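There are 2 protein chains.
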Amino acid sequence: MNREDIVKELSVQTDSKIILLVIDGLGGIPVQGKTELEAAATHNLDRLALNACCGVTDPVFMGITPGSGPSHLALFGYDPLRYQLGRGILEALGSDVEVREGDLVARGNFATLEGGLITDRRAGRIPTSECERLCAILNKAYSTQRDPEIALFAGKEHRFVTRFRTPGLADALTDADPQKDHKPPVPTKALAPEAAKAAEVVNRFIDEATKILKDEPVANTALLRGFSLQPSIPQMQDLYKLRPAAVANYPMYKGLARLLGMAAYKVGPETRDLFDTLETHYKDHDFFYIHYKKTDAAGEDGNFSAKVRAIEEIDTFIPRLVALKPDVLVITSDHSTPSLLKGHSWHPNPFLLVSPTALPDNIGVFTERECAQGLLGRFPSLYAMPLMLAHAGKLKKYGA
Amino acid sequence: MNREDIVKELSVQTDSKIILLVIDGLGGIPVQGKTELEAAATHNLDRLALNACCGVTDPVFMGITPGSGPSHLALFGYDPLRYQLGRGILEALGSDVEVREGDLVARGNFATLEGGLITDRRAGRIPTSECERLCAILNKAYSTQRDPEIALFAGKEHRFVTRFRTPGLADALTDADPQKDHKPPVPTKALAPEAAKAAEVVNRFIDEATKILKDEPVANTALLRGFSLQPSIPQMQDLYKLRPAAVANYPMYKGLARLLGMAAYKVGPETRDLFDTLETHYKDHDFFYIHYKKTDAAGEDGNFSAKVRAIEEIDTFIPRLVALKPDVLVITSDHSTPSLLKGHSWHPNPFLLVSPTALPDNIGVFTERECAQGLLGRFPSLYAMPLMLAHAGKLKKYGA
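Line by line, the protein sequences are chains A and B.
Start counting the first sequence at 17; every next residue gets the next number (the working numbering).
Start counting the second sequence at 17; every next residue gets the next number (the working numbering).
In short, the hints are calculated from the structure, not lab data.
Fair warning: this is a prediction, and the values are worked out from it, not measured in the lab.
One or more hints might be untrue.
Because identical chains cannot be distinguished in the list, a pair is counted as satisfied if it fits within a single copy or across any two copies.
Taking lysine-lysine and the DSSO-like style, the derived pairs with C-alpha atoms no more than 30 Å apart in a straight line are [what the hints assert, rightly or not]:
1. Lys310 <-> Lys413
2. Lys205 <-> Lys412
3. Lys413 <-> Lys309
4. Lys172 <-> Lys50
Chain A with its partners taken away, still in its complex shape (with noise of 0.2 Å):
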């Protein structure tokens, strides 16, 4: 047997909780001698580590810097080996784009054709707004057909995501993309024979695109990649007989969650949103995936001391979780952004688990350097749910 069957076949249901908080991209790298999170003011974090049990997570292994999916996969529990999600999917569900099984999905740029080429795969980066008045047009021409439904989402300057909805599509394609400007259109091919209804669909789309695009100055073609299907992917109350809920601001962690199981709440834009939101639903769930995502935006930026910013400020929230006196409380991240790499990066991650079941470590200070020291040592982010599991007595003895 393997981890994810054994784990679920050892899961039960029962009424403790357990709280899983992501400050995503809280992992940095030194400036000036100290990471962001050492520099940081972290009192409440700082009382916390006292009485919890501290380690450092890989999300894929040692070196791999992962994306905002197979990271936050791993820390559920799902092997970012195994279950890959599509750019496709992971655009969509990042612009709140609702994904139904069988929905082939591809983001979208548009482009300029000029004389049998594509002149440029950005379109000049037209305005969000040029965006959307494109979108509404298509969107328009395509109101009424029922089969294929084609539904386009605008997103940021020139990129938009594309749903195409009605029975057998599959997503075997290649990307309808000639990746570089001055070359040809590209049709998408079916990599598999049972993609060839697909391929046709998303050709036809394209032709069909360019023809009603045809007097638009700029902005006259589309261009698709990264098609996907909704993954068929286990969901956690199969797996961990779990409820659970995500409490996430931004539509792509909601997306993600909702892929597993989550339910996802809808939460205002404020931090203080996030804790609101938990203490409202709080009886309703025994799991939440509680997302902070200003830290990554902040270390995206390359600003060190926003990114500092940021962690004092979810800091003064911890009393919040605390208060609630869940079974277990893990803080931790689901990846690296150090600001001095202005990206992700393959760092392992802070993590922090307070439970009555928890052997503490003494650690004073929570920093990366500090809990690279404690107890839960080194370990794959995938292990950090039957943790989570075991400290809330979620998990039956293996074997006799």
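Based on the hints, put chain B in the right spot on chain A.
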């Protein structure tokens, strides 16, 4: 090649000696700030730790609470996810029942049958002496039958083990047990065609036993569950070129050791009997597994101070191990049994290795938290065996 094949290929026979002392259920979680091991005065273990290399081990993987079967298999280098021992075989081993290849064994309950329903699955928890009387009646009835040979072995209260001996039995069988009171008896069903004969043999036995016991006032039928054949498992002699011996006074641990090819000596009930037996046979083997049970028993009872005393007792015998000057001495546990939890747990086990080829980590106190700071770090119990073989000079180089 996998881990097991590599160790098998690289292992060589030498005269060096390994002692593995398993202090069952040693690890704990704090009560008033200290675990049982932290609270115990363990001068000998602490002195040993100073010259040892320490770490902590996970028997299965993080979060998984193992039974004694999987946790011991892992310590002996058998992947507990690959090798699984049925409840019946463990119960048989625990009852000192001789099990040969092809024997089918099962756990049994004497139960009460009234008006076609099982009204009490435990027959009012009849006294052990009653169970012994009923087993004797049935054994007498079957004493001259040769095909199949059927034997019962009385356990505590209503419990017994049944052994069926005839060629062609398989263990793909459902439990012959309604699991709940006030349900009709359930015959076993074959889950695969090759188990058809076994199902017939088992169901005929239950019918016959029910007829023989029909005038008994309370215990007038038998329920059987956890059917298992002796598992086919590689022998330690073949895997590691060892001449291994078990020094244990509880039947289950002796039985499990025999399954893996160890000689299992008859050992008296006292702790000193373990060490007397070890010294008597020290010249005859190159690997010794010593099993000390009292720590686990006290933990299961939730008796913190009894567990502390059990730890202090085993500590006094450590000098007798050291005096034998083994090439490798490992002191660890199969799993944790925190008295706070009154049962096995998923917490990692303290692990200590003494050898002239070890790199000591200057840890002067043998506790869970100190071991977690040790040079061996946190590792799966599965690697204890290659580590011991390596330090004993029993593993060749891998590759050129």
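Each hint, compared with the structure:
In this homomeric assembly, lysine 310 and lysine 413 come within 30 Å of each other (Cα to Cα) only across copies, at 20 Å, whereas the closest approach inside a single copy is 39 Å. Only between protomers do lysine 205 and lysine 412 lie at most 30 Å apart by alpha-carbon distance; the minimum there is 26 Å, versus 49 Å within a single protomer. For the homomeric pair lysine 413 and lysine 309, the shortest alpha-carbon distance between copies (19 Å) is at most 30 Å, but the shortest distance inside one copy (37 Å) is not. For a Cα distance limit of 30 Å, the shortest separation of lysine 172 from lysine 50 qualifies neither inside one copy, at 35 Å, nor across copies, at 56 Å.
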